[in-house]
Amino acid sequence: MAADATKIFAGPATKVETSPDGSTWTDLGFMNANAEIDFEADKTELMDGNELQVSGLGKVSVELVQTDSATLGIIKGYRTSKAYLRVTSVDAKTYQVSGIYLSQAVKRGFKGGEPHTLIVTGQRRVVNADDWVTFPA
Amino acid sequence: MANPLSIYSGPGFVAFDDPVNGLFLPGHTGEINIEGEPRAFEAMDGNSMPLSMLFKFKAGLLQSNQAQLDELISRRVQKQTIYVLGFESMAVMKNVYPSGALKRGFKAGEGHLLSVEAQTGVEADVYNRENLFDADGSFELDGNSDGLADGWNKIATGTASIVASFVSGGGNAQQFLSVAGNDGIYKDVVMPFNHDLTLTLSVNAKNVSGTTQSMVLELQTLNAAGGVIATYTGTAESFTNNEIRRVSLNQAVSPAADVKTVRARIKIVTANKTFQWDQAQLELGQLTDYREN
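Protein chains in written order, with my numbering: chain A, 27 to 163; chain B, 412 to 704.
Read the hints as simulated data drawn from the structure, not as lab findings.
Treat the numbers as computed from the prediction; the structure is a model and nothing was measured.
There may be inaccurate statements among the hints.
Said to hold, decoys possible - Estimated spans, in silico, between C-beta atoms of each pair:
id, chain 1, residue 1, chain 2, residue 2, range
1, B, Thr570, A, Val153, 38 to 48 Å
2, B, Gln489, A, Ala29, 15 to 25 Å
3, B, Gly638, A, Leu72, 30 to 40 Å
4, A, Ala31, B, Leu698, 27 to 37 Å
5, B, Glu448, A, Lys102, 40 to 50 Å
6, A, Ile145, B, Pro415, 47 to 57 Å
7, B, Asp481, A, Thr147, 48 to 58 Å
8, B, Ser485, A, Ala31, 22 to 32 Å
9, B, Arg657, A, Leu72, 41 to 51 Å
10, B, Pro415, A, Phe136, 55 to 65 Å
11, A, Leu72, B, Val537, 21 to 31 Å
12, A, Gly125, B, Ile418, 42 to 52 Å
Don't be surprised by glycine CBs; every beta carbon is placed ideally from N, CA and C.
Could you put the whole structure together from the sequences, leaning on the hints where they help?
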């Protein structure tokens, strides 16, 4: 495979949305620059020292800075009901995860220049990384 | 002894290969590391007693698209040979299962990374400014008694024989009588890459043809199927009868396709002439003294 700079993806997210079914999306508004979608391999060590990947744990974390009750209510709804979550990056690529319960944590620091933050996280164990999140072509 | 040539650094480029999936060069890479960790237990007196080493490989691939991931998924259950090729060094890690992780951070200036990790209890073969011909560069052994030193092949026709070396230190040398022009010998070295690098081929040569004759060095890059991608031919070197000297070809290579193998060729320009060769060396970077690995 040739080195192809068009396949390097980076940059801030422009939008984060949730959906109950993957078709109707709700924009969660402003977020800060700490959004991440990760996949960590579950590995088992073999006798010869090799590690074999058997599955992996997908994790998503976004930090919303719109901490009003409406946004809070949306996230609370996915505490017991599985959500779809979609992040759109500045290059217009979308990264969608599905089948996750959303947890929330709120950080309300009363300092100048530091907005209150609603930290939304979710995770799911899958076999391969693209079982967890869409990959761009 | 302090020797700046024993300090190694610089970027590397990674490639994966296995018999089922073939060669895979993943393109832009953010980081590559091979680290050795001792496995030890603590004795009663507090001593830490190393039992073995564990060698860990990690590469951060910047091209985090679906095609890249598909390659890694298909290789997850196939033991890989991993090549890391730098400007002056090559490391080869064998028989390792790769595992993959993903990190998509949505921050300016931070590329999404597909990380590939692998580990084994067997140390990587590391060639740091070393002779990529290994011991075959000395033409000492001819296991099948075909006249060609082990690891070497005929380009086409010609008569090969192992003779006493003409260089100081003794040992053997390769003698070759051409039947046609451009006959000679070659050796293949697997070293996958698709980036610009410099290769240097060198050999001690002696013309024993009886008259002034010429020989030439040549490098070829081959793809995974064995097809020639490019040929880089050096200048014909003229030798008077019985003249001995070291000749070299220093070549910048810009591959137009994924290279799996570099073929080093040593050729006699004219038919029915005889040369002897010893201490052949293929190295990454500039020409250095001959080293017998």
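Against the structure, the hints:
no. : hint                            : verdict
1   : B:Thr570 x A:Val153: 38 to 48 Å : violated, 59 Å
2   : B:Gln489 x A:Ala29: 15 to 25 Å  : holds, 23 Å
3   : B:Gly638 x A:Leu72: 30 to 40 Å  : holds, 36 Å
4   : A:Ala31 x B:Leu698: 27 to 37 Å  : holds, 33 Å
5   : B:Glu448 x A:Lys102: 40 to 50 Å : holds, 45 Å
6   : A:Ile145 x B:Pro415: 47 to 57 Å : holds, 50 Å
7   : B:Asp481 x A:Thr147: 48 to 58 Å : violated, 28 Å
8   : B:Ser485 x A:Ala31: 22 to 32 Å  : holds, 24 Å
9   : B:Arg657 x A:Leu72: 41 to 51 Å  : holds, 47 Å
10  : B:Pro415 x A:Phe136: 55 to 65 Å : holds, 57 Å
11  : A:Leu72 x B:Val537: 21 to 31 Å  : holds, 23 Å
12  : A:Gly125 x B:Ile418: 42 to 52 Å : holds, 51 Å
Hint violations for this structure: numbers 1, 7, all remaining hints satisfied.
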